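**Student:** Whenever a hint applies, use it, and build me the whole structure from the sequences.
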Amino acid sequence: MARHNLGTVVHFEFTRTVKKRRFWIATLAIPILLAIVFGLVFASNSSTKSQADAQKHDKISFTYTDSSALVDPALAKAMGGTVEADPGTAVERVKAGTLNAYFSYPASPAKETVNVYGADQGIFKNGTYDAVAKQLLVLSAQEKVGSAELAAAVQGNFRSDTQTYKDGQLSGGLETVVPPLLFLVLFYVVIILLANQMLASTLEEKENRVTEMILTTLNPTTLVVGKVISLFLVGAVQALVFATPMVAGYVFFRDQMSMPDFDLSHLQFQFWPMLVGALLFVGGFILFTGVLVSIGAVMPTAKDASTVFAPVMIMMFIPFYIVTMVVSDPGNLIVQIFTFFPFTAPITAMLRNGFGSLGGPAAAVVIVELFVFGFAALRLAVHLFRYGSIEYSRKLSLRTAFARKG
1 MARHNLGTVV
11 HFEFTRTVKK
21 RRFWIATLAI
31 PILLAIVFGL
41 VFASNSSTKS
51 QADAQKHDKI
61 SFTYTDSSAL
71 VDPALAKAMG
81 GTVEADPGTA
91 VERVKAGTLN
101 AYFSYPASPA
111 KETVNVYGAD
121 QGIFKNGTYD
131 AVAKQLLVLS
141 AQEKVGSAEL
151 AAAVQGNFRS
161 DTQTYKDGQL
171 SGGLETVVPP
181 LLFLVLFYVV
191 IILLANQMLA
201 STLEEKENRV
211 TEMILTTLNP
221 TTLVVGKVIS
231 LFLVGAVQAL
241 VFATPMVAGY
251 VFFRDQMSMP
261 DFDLSHLQFQ
271 FWPMLVGALL
281 FVGGFILFTG
291 VLVSIGAVMP
301 TAKDASTVFA
311 PVMIMMFIPF
321 YIVTMVVSDP
331 GNLIVQIFTF
341 FPFTAPITAM
351 LRNGFGSLGG
361 PAAAVVIVEL
371 FVFGFAALRL
381 AVHLFRYGSI
391 EYSRKLSLRT
401 AFARKG
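Note that the sequence shown covers residues 1 to 406 in UniProt numbering.
Honestly, the hints are just simulated from the structure, not real lab data.
Just so we're clear, the structure is a prediction, and the values are computed from it rather than from any experiment.
Certain hints may be false.
Stated by the list, open to error - Computed cross-link-like contacts, DMTMM-like style, restricted to lysine to aspartate or glutamate with a CA-CA straight-line distance of at most 20 angstroms:
1. 134 - 120
2. 144 - 72
3. 134 - 112
4. 77 - 130
5. 95 - 112
6. 111 - 130
7. 95 - 143
8. 134 - 72
9. 59 - 84
10. 95 - 120
**Tutor:** Below you can see the structure in the form of structure tokens.
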């Protein structure tokens, strides 16, 4: 019977939320805005590409003088350049508009400045002069080197493969860091999206004054647990809707929107870091959910609850003020405190887990701590909800609630 009631609560809470017009307005607002931004970026990049293609076919004309003797005349001619016959008047002719551009290469380009003069063509097109002047010198130097291998080595155009070891074992780079940190991203998405829903789920019935009738047919534990499960399902729907345009943009329009091409096949999903990340996520979710539901049970209105809600949410972001310390000096006392303090533990521990600085014993302690405090918070939420549900006009007195027998 209790299982049947739990399913009824989950179904009722979930369908009640997703049937509301304001839920879909709020949920679809961000994907629609993202789609509009993607469309604008796509149109802008298409226009920029067309202009770039057009410029490729339009060589700029220029004259040059070369005191370094590095410039290859044949390359210069192919790029639209000719040797300047009258260097003394070249700059004046550029100013007068009778000469398009003039490049002056000094005797030692490595120590002296290459002077580039050109007719103004707009803030973006003006950069073409400098690019052509540099390209001409680089290509000419490569020709003089006479070896593609030497030219590539001088410019640093070569590939390298780095391997690092930890405790005698090959350790990965970002390929091993990224997968466990996905739980951190998921944690933020779920909590931020559902925080207001967590408060509203317990406050709505109180403000409508129907909670007493609900509790005559349902156990408070069943009601609270059902609300928590329904909130998680609602968050999954929102996360799916939010992710859809980003995934679609990456899969189908990555090149048009100049998105970086991530090779997901190189990601390494190691068992223990992923398991620890999952347990930290679940424990942190239970803890924050229990606390927010407890706040909703104590406060009479959403306005009153917001004063306590804000500090709880701020504690989620505090660890990012010391993120460099978490990564570079995980043994620091502040990092240790943040790792084991319940409200900063999920974020700090997930960061350390991703970067490989959370040892097995520390991970076990944090996980146990989160689950113990999380279930205690849920138990507290049930107790407070039982007595706070009938307090419509004032905040529930914690002394009174704990003095009563549940």
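**Student:** Which constraints among the numbered hints does this structure fail? Numbers only, ascending.
**Tutor:** 5, 7
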